[in-house]
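Colleague: The two chains are supplied separately, each in an independent frame; assemble them into the complex guided by the hints.
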Amino acid sequence: MNRPQPINVDGLECGYRGRRVLHGIDLSLDAGRIHAIVGLNGAGKTTVMRATLGMLRPDAGAVRVFGHPAVTAPARVWARIGYLIGTAFSYGELTGGENIYSAARLHGLSRTAAREATNEVITGFAIDTEAGRRVRTLSLGNRQRVALAAAVAHRPELLVLDEPTIGLDPLAVVRLRHMLRQLTAEHGAAVLVSSHHLDEVSRIADDITVIHRGRVIATIDPGDADLEKQFFDLVYAAELRGES
Amino acid sequence: MTGLAAAIGFEWLKLRRSVVAWTASIVLVLVAPLLATGLLLAARSDSDSQLAIKARIMVTDTGWSAQFAVAGQFLSVAVFVVVGIVACWVFGREYTDHAVGALVSLPVRRTMIASAKLVVVAAWAAAVCVSATLTTVVAGLPNGLGSPRTHDWLVLGKLAVAALLTVAMTTPLALAASAGRGYLTGIAVLLALVVTTQIATAAGLGGWFPYAAPGLWLGLGGHEAATHITAVQLLVPILVGVAGAAATIAWWHRTPPPEAV
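Protein sequences appear in the order of chains A and B. Oh and the first sequence: position 99 is 99 in the working numbering, straight run, nothing missing. Oh and the second sequence: position 37 is 37 in the working numbering, straight run, nothing missing.
For reference, chain B alone in the conformation it holds in the complex (with noise of 0.2 Å):
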């Protein structure tokens, strides 16, 4: 176990220090509640303006519970594209940069280097997830919501959820950076899981296909498809995280670094 604190202080020291890591946590804790805030206000005003009328098919609850499903809608797409650049980043660098050679020859092994990376991503960005959520509290006091009721503190936690959801579903993009040797190979893949999403959505699938689920059942597709996700429907993301992970890890146990092409 020597060798996985080795390589999770060392993969920790690495996201402390990346440009990346800083600006997807300020993204997802100040960028994405603040967003839902401002479209909770445009939903509330009298304006007849394009961003107005979209905002009000958004918002399908009331008071807090409506700040809280609007954060949530915008954090459960920014958490998957945002966490799953990071990712990409935490498992291509040094394949981009050329220097997987420092990641091998060494006593500890690859599997534990990879292990250590995933541990590290899911730590960082359960702490961004959890930060959001209690930005999302914070910018809706300014809006007069009153106290928040037991229902409003389900809806927070349905956010909490859905966002961890979202997270677990970024481990498949940490095997594309990996097998495709570089991050840009995993930015494609996110990019492409993304737009299948909405072609998934719009086909009728959403509550079936993993990556559209957590925010289905937040309101992205409105009310009526929010209240048909199923627990089971849920439990999808989980997997779907559980097999990436452990598939990243029998990739870097199996597979040689490129100088050994």
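With the rest of the complex left out, here is chain A (with noise of 0.2 Å):
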């Protein structure tokens, strides 16, 4: 019997406040692979990712997360994710290893399990001054690496990543490149990511998908030459066709 994919999205169409913002979104996440969605802003790209993470109900097509569909995915399933969307788990009132520790609790980690998992990322991560202090006192690019930490700390079989490299500095870039591959590689993991940085995507992604206007448009091979000029073509034969 197969497995069921992490993700599997399938003619999803969705609203916000009368209008429509996806149109017939087709996409799929095996594990251990890393899948980008690449976008102009308004694209629909943190739309998709909510929908998969249940926090938006479709209009129609469906949406499913290791079979389950979102909307009702049991407590098992999102033990079993990670998710850094906007401002998630950024409390600044407490510390940076606080946020890590509580996020890791409360995707079901005992104490024990959630401390050795805090030290693991916040090692991983090489945070451990900001994880002595409190988040509202340290820049956004520190913010977002304790914030990337908390999503991981539970080492979770899917990551959803909203725009993960704000912020960050190019070595942190670094660090978090080297997370994902050992999340997919070693551990089994799939990943969803979303980015503006096509050169960052190229480098990651074993899939890229390109939104526009609520469609998906195309599908690129990461190792195909110069993605970002292959991305324009296929946004402005996207706006020739009046696909909107």
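Calculated directly from the structure, the hints in this document are not laboratory data. Every residue gets a Cβ at the ideal spot worked out from N, C-alpha and C, and that includes glycine. Treat each hint with caution, since some may be false.
[Said to hold, decoys possible] Chain A stretches covered by chain B per the calculated footprint, using a threshold of three residues with CB under 8 Å from any CB of chain B: (1) 89-101; (2) 106-118; (3) 186-194.
Modeller: In structure tokens, the structure reads:
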């Protein structure tokens, strides 16, 4: 029997305050792979991610995580998932370490396991200093590193990251890339990531889906030359076809 | 139950680190009992000042009973306002900070998170009310009131019970902060309830208006009004508390976070 895919999106349509945002999105993600969603601002990348996390009820189509409809997935499914969307898990009055520990506890780890996991990711992200300081005193980049560490502390089998490199310095970006590779290659995790940075995407992704005005307009092979030119050619062609 | 324990631990940690909770604790444990003591001193003085005249109206007993009753009158108002603000903050802060995304898509259900918030607010408020009761005793020691009599301890017990009844009635504010998606909505409802309580009391409905009953029982409306408060009227605040808690949990169960709208 085949194991259910971490994410399977079929004909997803979603609206927001009477406005249709997604038009028949199809997307799937296999274990052990990094799937990137790229697109301009407002293309619908974050909406797709929210739908995969059960935060949005589809108007039409289906979103399944590990074989379960995302909006009704049981607790044991969410214990296998980590995510970073918007300001998720960044409580200013708590220290970096407390934020990470709390996220691990809320994802089902025991106190001992959460403490061990917290220490592990603090080392992995090299945030020893930040872990002891209240998050409200940290820079945007360091806050992002803490939030990323909180998203992965419970070692999820599926990781959903919306613009994870915002505010990160080049060294932190390299560490994130290494961590994602380790999660997928060594632990078989699946990663869904959105980004504006095509160069960054080409370095980490196994699959790239281009979304424009709420539609999937193409998939790109990360190995292809000049990803940026391909991306803009696709967007320009979609605009000419009037896909809006 | 592991999820509930994790949620309670998380909510307790946030409350311990919040400026709101620490300020609220200081106001209830220190400021209210000390103000009551000051008012009692004013009432016992020979002064004809406005404060002294008003204080004498509030003091309907003597000795320790007067100390406890006046402190209770202060606390019955202060507990509702201060615990209410903390409840609004606990339930509304994630919405106000646009951070409610941290509380969804978790193995810990949203009903457990709401329950944990209720438990933490109730436990903190109960601890603060007990501490405020003890502070009231300590604050009365310099007044040379002698040894408390049995009647005095009964008044102190009434003070503690009235404070806890008032705590129970803050659960509708948790619902308001949740449904209003931010603590300011809850605080607006709190202020509306304070004003409504004044109007209801002035209109003679006080005993049957749950937000007025504990204060009237402690003598906030004078000795005459206090003797007319019945046990049934004091049960109504408990019903309000239970209904508010149930409605808050139901709201967190049924309503998706703002991202899902």
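Colleague: Tell me if chain B covers the segment 106-118 of chain A under the three-residue, 8 Å CB rule, please?
Modeller: holds (count 4)
Colleague: Tell me if chain B covers the segment 89-101 of chain A under the three-residue, 8 Å CB rule, please?
Modeller: holds (count 6)
Colleague: Are there at least three residues in the segment 186-194 of chain A whose beta carbon sits under 8 Å from a beta carbon of chain B?
Modeller: n = 0 at 8 Å, threshold three: violated.
Against the hints set out earlier in the document, a violation occurs for number 3 only.
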